[in-house]
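Chemist: Go by the hints and put chain S onto chain A.
2 protein chains.
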Amino acid sequence: MSLIEQKFARLSTDNAPGQEVRQRAEGLDALLKGDTLPGTPVDFSHGDVNESAFAPTPGSLEAFVAGVESGGEQAYTEYRGRADLRARVAEHLGRFTGSPVSGSDELIITPGTQGALFLSIASTVAPGDKVAIVRPDYFANRKLVEFIGGEIVPIEMDYLNNADRAGLDLGQLESAFKAGVKTFLFSNPNNPAGVVYSKDEIGQIAALANQYRATVIVDQLYSRLRYAGVEYTHLRAAGIDPGNVITIMGPSKTESLSGYRLGVAFGAPKLLDRMEKLQAIVSLRAPGYCQAVLRTWFEEPESYMEERIQQHQAIRDDLLRVLRSVEGLAARTPQAGSYLFPRLPKLTVSPQDFVRILRRQAGVTVTPGTEFSPDTGDSFRLNFSQNHAAALHAIERTVELIARYRA
Amino acid sequence: MSLIEQKFARLSTDNAPGQEVRQRAEGLDALLKGDTLPGTPVDFSHGDVNESAFAPTPGSLEAFVAGVESGGEQAYTEYRGRADLRARVAEHLGRFTGSPVSGSDELIITPGTQGALFLSIASTVAPGDKVAIVRPDYFANRKLVEFIGGEIVPIEMDYLNNADRAGLDLGQLESAFKAGVKTFLFSNPNNPAGVVYSKDEIGQIAALANQYRATVIVDQLYSRLRYAGVEYTHLRAAGIDPGNVITIMGPSKTESLSGYRLGVAFGAPKLLDRMEKLQAIVSLRAPGYCQAVLRTWFEEPESYMEERIQQHQAIRDDLLRVLRSVEGLAARTPQAGSYLFPRLPKLTVSPQDFVRILRRQAGVTVTPGTEFSPDTGDSFRLNFSQNHAAALHAIERTVELIARYRA
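Protein chains in written order, with UniProt numbering: chain A, 1 to 407; chain S, 1 to 407.
Hints listed in this document are in silico derivations from the structure and should not be mistaken for laboratory results. All values reported here derive from a predicted model rather than from experimental measurement. Hints may be right or wrong, so weigh each one.
Identical copies go unnamed one by one, so any copy, or any two together, can satisfy a pair.
[What the hints assert, rightly or not] Straight-line alpha carbon distances no greater than 16 Å define the calculated EDC-like cross-link-like pairs of lysine to aspartate or glutamate that follow:
no., residue 1, residue 2
1, Lys199, Asp169
2, Lys178, Asp129
3, Lys270, Glu5
4, Lys7, Asp273
5, Lys199, Asp164
6, Lys270, Asp105
7, Lys270, Asp241
With the rest of the complex left out, here is chain A (with noise of 0.2 Å):
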């Protein structure tokens, strides 16, 4: 293999959300047993956005149109985005975040958070660089990484044995930075397992970072879904240098707005502006008329982000209920975002193959848990951002297929 097809064979999509339209059925039939069961089939690899389930935000399309008919200020930004709306958006976002962002240095806007997460880490981690990584996170961090040619330094996180905190190894932690890691990245509320990090935890990873020099770049992605009772702090407005830091956030979840593909990083001006001259590079700019669509972005009518926080609670806690009459399973309450995160008792068939089972036989598409640390094969991830009395039902087939292939 030359050193091209090496580095494309790590990178496989065919379980990534979305593409499994792209899978074969090679042998899937041999391992069935019993009848396909009836119901509307729920794709959970990914949030619903249909008018039945979790539609876009009010007023994004008409913020769109504006933009189009504001012709080419609005298609021709900046490589980092429209002035106007960088204010803006900066100025909610240091107010969300308890600490400043300027507008004009500390901020750039991309396609969709992908976006993001690709211009920091390619702007700040170099062949053969050591980066740390949460086990489990958000799959596409370690492809990143690796397509780089950074070496991945694995974080552990027990998500499942704790309740106050997130888990994380904070020793492993600064073991790595001793070892020379020097960019940690990190998703919070932790993507899959909807775990938020402590007070605690983020002030021991900003002391550390601080101590060590290390950047971090943490993804906060569903930092705004948070359910009752849950404290959050937020990594940049805990004492890490901020010259040190980079914050991910986008109107892809929550708002349901991912059909535009918007993003935002955030943080220190020095690696913004690699980020600049990458995204010029690498895509010019996030969609110019989509951009506008950010103008209604922390603007949403009153009292709807917590009406649709209260609606994705009770779809969390009815799945839950389902899912914890199955004996074995283990599974967490995610304290925000819309991901559940099941460990599956023993099954007769390998999890991979229960997985195309469930799509096969109940309509019921997850994402294997392989995809987010080699330690999590025998868990899955479900977005529950869909219509709930169908995924209420999507789950009750779930769970009937475990009985049916329990070992």
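Modeler: For chain S alone, coordinates are given in the frame of chain A:
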């Protein structure tokens, strides 16, 4: 400088189109002679998509809105783009280029042609690989190769002293292949010179690529905007091994849809697979709702394209007539696209300073020739997809300033 600092030091965007607002004005005052010239400011660094110039093609916004209304299936497409849109666009492109394209495995929808360029280069070139790049050519080509860590082998194009061919030095190209170049990247029509490669040139490029088993990436972004009597040869239909060619196009130029950030790459399935894997970690997908706008592509109202081309040709001819009144200025007539790339006569200020003066004293923004080749520092590029009258007056002011600063 650390490895990563070195990498980014080569990616300057200060002179890139649209970035001029971030430039400092230091030291300019001392160079100025005479007064400011009144007139509507014209930004020739990119096309004008306002109603007064070349607005987006009819039906594009309606197609976008229909995409939003169709919901999740348009928001969350496969990473390579929505299947039915790929099939539709592939059919058009097969007919347009004279060789069939499969929507299922030979085409990817990208965030603009910039996204397509990045993905194709990053999927083909490994660090240390040699890549042949034309001088002059689109400035991001060089930067992309440098960012990936490839080594650039320049190929000269004598565009000023040819009329019926682009003027590529085919001997240099063969020497480059002999010396180990495995990838050749070029734009046709050429950006910035607006010249079209002859049938013979394209045939020889195909033959050399086949002989040396090199991959060719051809950026045909402007291939729909061709002027009267110009013969155009699509490389992919000129006998090149289909497993070694990627063609890039998009609706940003002739169609003025740049604000939607859409492009496509089509060709070798093996390379397309890599590009999709990479897109998955760089931006996930081209903006979902925007993809729907591709329904209008190659389906524009009859005679619409023809009229657009005639309008561009009329502007081209008017601007060239005024520019050619300047003694010592050299400009080849563009055969396609909307760029002029005149070479200035000797001035009392450097060409770089003249570009800044032009912006300050005439309200005329152009892109300095240094962006396209180290050999074209005395030229500048202007995109004449503008309001006709405003562009003409801006060029009259430019000519007045050339006279004022002439050596």
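Chemist: Take the hints in turn and mark each one as holding or not.
Modeler: Right, here's what the structure says about each hint:
1. Lys199 - Asp169: Answer is within; shortest intra-copy Cα gap is 15 Å, inter-copy 64 Å.
2. Lys178 - Asp129: within (14 Å within a copy, 35 Å between copies)
3. Lys270 - Glu5: This pair counts as between: shortest inter-copy Cα distance 10 Å, intra-copy 33 Å.
4. Lys7 - Asp273: Between copies, since 13 Å is at most 16 Å while 27 Å is not.
5. Lys199 - Asp164: Classified as within; 10 Å inside a copy, 70 Å across copies.
6. Lys270 - Asp105: within (9 Å within a copy, 40 Å between copies)
7. Lys270 - Asp241: within (13 Å within a copy, 44 Å between copies)
In summary, the structure agrees with every hint in the numbered list given earlier.
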